[in-house]
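Novice: Using the sequences provided together with the hints, build the complete structure.
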Amino acid sequence: DAKTTQPTSMDCAEGRAANLPCNHSTISGNEYVYWYRQIHSQGPQYIIHGLKNNETNEMASLIITEDRKSSTLILPHATLRDTAVYYCIVSKPQGAQKLVFGQGTRLTINP
Amino acid sequence: GAGVSQSPSNKVTEKGKDVELRCDPISGHTALYWYRQRLGQGLEFLIYFQGNSAPDKSGLPSDRFSAERTGESVSTLTIQRTQQEDSAVYLCASSLTRGGAEAFFGQGTRLTVV
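Chains as they are written, first to last, in our numbering: chain A, 471 to 581; chain B, 103 to 216.
Honestly, the hints are just simulated from the structure, not real lab data. Model, not experiment: these values are computed from the prediction. Warning: the hint list may mix true and false statements.
Unchecked claim - Lysine-lysine pairs mimicking DSS-like chemistry, simulated, CA-CA at most 27 Å apart:
1. A:K473 x A:K522
2. A:K473 x B:K159
3. B:K119 x B:K159
4. B:K117 x B:K159
5. A:K539 x A:K473
6. A:K562 x B:K159
Specialist: Have a look at this one:
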């Protein structure tokens, strides 16, 4: 499985954009980049995924570098409820391969 | 129900007893995953079912752990002769099998072995 590297923790002020980096230098051509988050005491929640192009949905934006070796998840206007552990996962199309979670980034949004 | 349902939500058992944890995936989801999460730790992959293919059991920590899935429906994770180190939240997820399909997680079963 391709592996990912994320910072252990990050802080961000409420209302500001939170930018969470992820390195996946061994990603292969058909592997997607997925982001999930886990709010305390809850099951993980899907955020967004991408293959090559940048993606945006109602929750976040995903910026993937041209060489696909890294990506950044952007929460444009962070709120206190965005405090969570964020996981970056590289995987073949969902359902065709097991999901392997790393340790993620603990994001704290400060008032 | 609309989401992944797990039962029981909490389970306290005595060391040495067997426990069964249940997962009801979203209807039509062919892929089903089990994970273990110890207090303050990340998600540890246990087992993965994909349609009628042989399950990927590579994450099961010992032969005390086993899981079954009937077709594309309910799955049961069984832990025999429970030990204190088995105390954790056990999470189940399901997904469709297509490019980019997201996995939906249940709220987990919190197992405490005393």
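Novice: Return the numbers of the hints above that this structure violates; sort them in rising order.
Specialist: none
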